[in-house]
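**Student:** If you want the building blocks of each chain, they are given just below.
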Amino acid sequence: MTAFWSLLKRDLLMAWRQGGGVGTAFGFFLTVIVLLPLGIGPDAGVLQRIAPGGLWIALLLSVLLSADRIYQADYDDGSLELMTLGTLPLEMVAAVKSLAHWLTSGLPLAIAAPLLGFLLNLDTALVWPLMGAMVLGSIGLSFLAGLGAAVTVGLRRGGLLVSLLVLPLYVPVLIFGISAGGAGTAGPDVTAAAFTVLFAITLVILVVAPFGSGAALRAYMR
Amino acid sequence: MKLSGHNLCCERGGRRVFTDLDFSVEAGGMLILRGPNGAGKTSLLRVIAGLNDVVDGELHFDGGIKDEPISGHCQFIAHQDAFKPALSVEENLQFWSDYFGGGDVQLALEAFSLEALASFSAGLLSAGQKRRLALGRLAMIERPIWLLDEPTVGLDAASVKQLQTLMAKHLANNGIIIATTHIDLGMKDAKVLDFAKLKSAPQEVMLDEAAI
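From first to last, the protein sequence lines are chains A and B.
So the first sequence is numbered by my numbering: it starts at 1195 and just counts up by one.
So the second sequence is numbered by my numbering: it starts at 5 and just counts up by one.
Looking at chain A on its own, in the form it has when it is part of the complex (with noise of 0.2 Å):
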C-alpha cells in the first residue's frame, strides 16, 4: 500500500512543480467556452440549449490535452522499467497514474465546467446535476486516456494518436453524461437512470482500462 500512496503522492507533487497540465487543460477549456458564443451567434435561448453539450465535449477534448503524457515521463527514464521489480503490479501502476491524472485534470475542470457555463447561459438548475455528471464521467475519461496513452508510450509523436483512438471510446460516457446532467427535456425518473448506467460505465472503465493499460506498458518494455 505504501508503494500506492507513494506513486500517487508523487505524481501529484510533479504535476504541481511541473503545473503545464492543469493550467493548460483550463486555458484550453476557457477558450473553447468562450469562442462557441462568438460562433453561434448572440441568441440566448439557442445558447442555453446547446450548453450542457458544449461544456462536455470541452471536457472531453481537455482531458486528452495531457493525455499523452501519462507514461511518457516514466517510459523514457526508465522509471517504468524499475517500477516492475516492486510489489506493485503494473496494472496498479497504471491505476494509479490515471487516478493522478483524473485528480490533476479531470476532477478541477468537472468542477469549474458547470461554473463557467454561465459563460453559455447555463440554466443555473442544471449546475448540481451537471457538476455531479461530470465528476463521475471525467473518472472514466482519465482511465481510457490512460489506456491509450499506454498503447501509444513507446510511439514518437503519439499524442494526435491519443485522441483518435480514445474519442470514440468516450462516446458512450458523452451520452450518458448529458442525460445524467438532466440537459433535454426528458423527465427525473430518465436522468437518475442515466446517472446508474453512467456509474456502471465508470465502474467498467475503473476495472477494464488497467488491465489493457497494464498489457501494453508490458508490450512496450519487451
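Think of the hints as simulated: they come from the structure by calculation, not from any bench.
Check before you lean on any hint, since a few could be wrong.
[Unchecked claim] Chain B is faced by these chain A residues, among others (derived, beta-carbon under 8 Å):
#, residue
1, Leu1201
2, Arg1243
3, Ser1273
4, Leu1279
5, Gly1280
6, Thr1281
7, Ile1305
8, Arg1350
9, Arg1351
10, Ser1357
11, Thr1390
[Stated by the list, open to error] Derived Cβ-Cβ restraints for the label pairs, each shown as a range:
#, chain 1, residue 1, chain 2, residue 2, range
12, B, Lys195, A, Pro1362, 23 to 29 Å
13, A, Thr1390, B, Ala122, 48 to 54 Å
14, A, Thr1390, B, Gly132, 38 to 44 Å
15, B, Asp26, A, Gly1213, 38 to 44 Å
16, A, Gln1212, B, His83, 23 to 29 Å
17, B, Ser28, A, Leu1361, 51 to 57 Å
Don't be surprised by glycine CBs; every beta carbon is placed ideally from N, CA and C.
Using the hints provided, position chain B relative to the given structure of chain A.
**Tutor:** Chain B only, in chain A's frame:
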C-alpha cells in the same frame, strides 16, 4: 541462496540474442558479464529482472521468499537513471524508498557523498552525479540480487571506490551481484561469463572480432 540459469535462450524483437546459456551464482558470489556490444549482456540482466521472457531454458532462484518472483528479489541499475528533474535529490530517493517498501534515504546519500546535494533538483546534477544517485538505491533498498548494467559509466575514481566498498559489503552479507562491465571492477573472486565464447555468439559479432 543460489541463482542459476540452464540452457537459457533470449529473443528480442524476433532476433535470437543468445541460446544455451548456463550460469550459476551462489550467495556471496559475483558474476561479471563480458563480451562485445550486442552480445546479450544487458538482455541477460533483463531476463533475470523479468523484463524479458525466458524463451527457452530455466531460471532458478533457491532460498528466496516463497511465492515471490525472482524480479521481487532484484535491484536493477540500468542505463537510464529513473529520476525526475522536477523533484529534489532527496525526494527522488524517498520515492523509490517508499515504492520498494522502505529504506533509509540517508544511507543512499552517504554511500556516494551526496549529502550536500540533497535539496538540489535532480535535473541540475551532472551525468556522474546522476549515476551516483541511481547507485544510491543499492545502499538503501535491501534486496539480495543486484543487477548492474555498466555501473561505473560516468563515475569518477572516488565514486568507483565507494561502489567497490558497497559491493564488497553486499557480498559479505551473502548477496549476489551480476554486473556487466568493460573496465576492471577490482572485485576478487568474481566469476566471469564471456559472451564471446558462447556457442551461440552471433555470427556478425564474431566477424567483427576477426576484423580487429
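**Student:** Under the criterion of a CB-CB separation shorter than 8 Å, is Leu1201(A) in contact with chain B as hinted?
**Tutor:** holds, 6 Å
**Student:** Taking the closest Cβ pair, is Thr1390(A) under 8 Å from chain B?
**Tutor:** At 37 Å from the nearest chain B Cβ, Thr1390(A) fails the 8 Å test, so the hint is violated.
**Student:** With a cut-off of 8 Å on the beta carbons, see whether Arg1243(A) makes it to chain B.
**Tutor:** Check failed: Cβ of Arg1243(A) comes no nearer than 44 Å to chain B, outside 8 Å.
**Student:** Grab the minimum C-beta distance from Leu1279(A) to chain B and call the hint holds if it beats 8 Å, violated otherwise.
**Tutor:** holds, 5 Å
**Student:** When you take the CB atoms of Lys195(B) and Pro1362(A), is the distance between them in 23 to 29 Å?
**Tutor:** Since Lys195(B) and Pro1362(A) have Cβ atoms about 55 Å apart, the given range 23 to 29 Å is violated.
**Student:** If I claimed the Cβ atoms of Thr1390(A) and Ala122(B) lie 48 to 54 Å apart, would that claim hold in this structure?
**Tutor:** Given range 48 to 54 Å: holds, Cβ gap about 52 Å.
**Student:** Holds or violated: is there a CB of chain B closer than 8 Å to the CB of Arg1350(A)?
**Tutor:** Violated: closest Cβ of chain B sits about 17 Å from Arg1350(A), beyond 8 Å.
**Student:** Between Thr1390(A) and Gly132(B), is the Cβ distance one that fits in 38 to 44 Å?
**Tutor:** Violated, since Thr1390(A) and Gly132(B) (Cβ atoms, about 58 Å apart) do not stay within the stated range.
**Student:** Any CB of chain B closer than 8 Å to the CB of Ile1305(A)?
**Tutor:** violated, 25 Å
**Student:** Holds or violated: the hint that Ser1357(A) contacts chain B, with Cβ atoms closer than 8 Å.
**Tutor:** Violated - the Cβ of Ser1357(A) stays beyond 8 Å from chain B, reaching only about 25 Å at its closest.
**Student:** Do the Cβ positions of Gln1212(A) and His83(B) conform to the proposed distance bound of 23 to 29 Å?
**Tutor:** Distance hint for Gln1212(A), His83(B) holds at roughly 24 Å.
**Student:** Range hint 51 to 57 Å: satisfied by the CB atoms of Ser28(B) and Leu1361(A)?
**Tutor:** Since the Cβ atoms of Ser28(B) and Leu1361(A) sit about 53 Å apart, the hinted range of 51 to 57 Å holds.
Taken one by one, the earlier hints fail for this structure at numbers 2, 7, 8, 9, 10, 11, 12, 14, 15, listed in ascending order.
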